[in-house]
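Novice: Sequence:
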Amino acid sequence: LGLFAIFGIIRCRPDAIPIREMTYLFIVIALSVLNALAPAATGWIAVGAANVAVWIITFILDRLWAIRHLATKVVIYDRVDLLAEGRREELIRDLEQRTGVTIIRIEIGKVDLLRDTAVIKVHFDGDVQPGHFESQGGR
266 LGLFAIFGII
276 RCRPDAIPIR
286 EMTYLFIVIA
296 LSVLNALAPA
306 ATGWIAVGAA
316 NVAVWIITFI
326 LDRLWAIRHL
336 ATKVVIYDRV
346 DLLAEGRREE
356 LIRDLEQRTG
366 VTIIRIEIGK
376 VDLLRDTAVI
386 KVHFDGDVQP
396 GHFESQGGR
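Residue 291 in this note's numbering sits at position 26 of the sequence shown; the count goes up by one each step and never skips.
Hints were generated in silico from the structure; no laboratory data involved.
Everything numeric in this text was worked out from a predicted model, so none of it was measured.
Incorrect hints may appear among the rest.
Taking CB as the label site, the calculated pair distances span [unchecked claim]:
| # | residue 1 | residue 2 | range |
| --- | --- | --- | --- |
| 1 | 374 | 334 | 35 to 41 Å |
| 2 | 377 | 311 | 55 to 61 Å |
| 3 | 316 | 355 | 49 to 55 Å |
| 4 | 379 | 298 | 36 to 42 Å |
| 5 | 302 | 350 | 21 to 27 Å |
| 6 | 290 | 388 | 20 to 26 Å |
| 7 | 317 | 286 | 19 to 25 Å |
| 8 | 339 | 308 | 46 to 52 Å |
| 9 | 327 | 365 | 24 to 30 Å |
| 10 | 379 | 300 | 21 to 27 Å |
| 11 | 377 | 309 | 55 to 61 Å |
Within a straight-line C-alpha distance of at most 27 Å, the following computed DSSO-like cross-link-like pairs (lysine-lysine) qualify [as the list claims (entries may be wrong)]:
| # | residue 1 | residue 2 |
| --- | --- | --- |
| 12 | 338 | 386 |
| 13 | 386 | 375 |
| 14 | 375 | 338 |
We put the beta carbon where it would ideally sit given N, CA and C, even for glycine.
Please put together the full structure from these sequences, using the hints given.
Specialist: The structure is reproduced here in structure tokens:
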């Protein structure tokens, strides 16, 4: 019951937690429960082996398997003329030139025609370009 409360609190936060980080949180909570309950029944060696197995599997799935780690940043974009139908490639080229990253995909959010701005989510390969767009304010 306590786990559901923790996940409920996390879900109601104003800043969304990425699914990848939520997965790590779930693994840590599951290992905590395993470490608290299993030693009495199976012994410390079995618990240690289970911990090592979970961490190795997590590492393999996260780093060595062909999973692309997309980084996402929100950009306030000032050229709404490039949002028109048929100008997507030009929009992506302009964003790549201005941000310095190779863009995988974009999502156009709120468009403010009064101020000529748009909110665009820029998705790029976080493994190839780590540390780019350093987080501000804990995001």
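Novice: Hint by hint, say whether it matches the structure.
Specialist: Hints and how they fare:
no.	hint	verdict
1	374 to 334: 35 to 41 Å	violated, 22 Å
2	377 to 311: 55 to 61 Å	holds, 59 Å
3	316 to 355: 49 to 55 Å	holds, 51 Å
4	379 to 298: 36 to 42 Å	violated, 52 Å
5	302 to 350: 21 to 27 Å	violated, 58 Å
6	290 to 388: 20 to 26 Å	holds, 22 Å
7	317 to 286: 19 to 25 Å	holds, 22 Å
8	339 to 308: 46 to 52 Å	holds, 49 Å
9	327 to 365: 24 to 30 Å	holds, 26 Å
10	379 to 300: 21 to 27 Å	violated, 56 Å
11	377 to 309: 55 to 61 Å	holds, 60 Å
12	338 to 386	holds, 6 Å
13	386 to 375	holds, 10 Å
14	375 to 338	holds, 15 Å
Hint compliance for this structure: hints 1, 4, 5, 10 are broken, all remaining hints hold.
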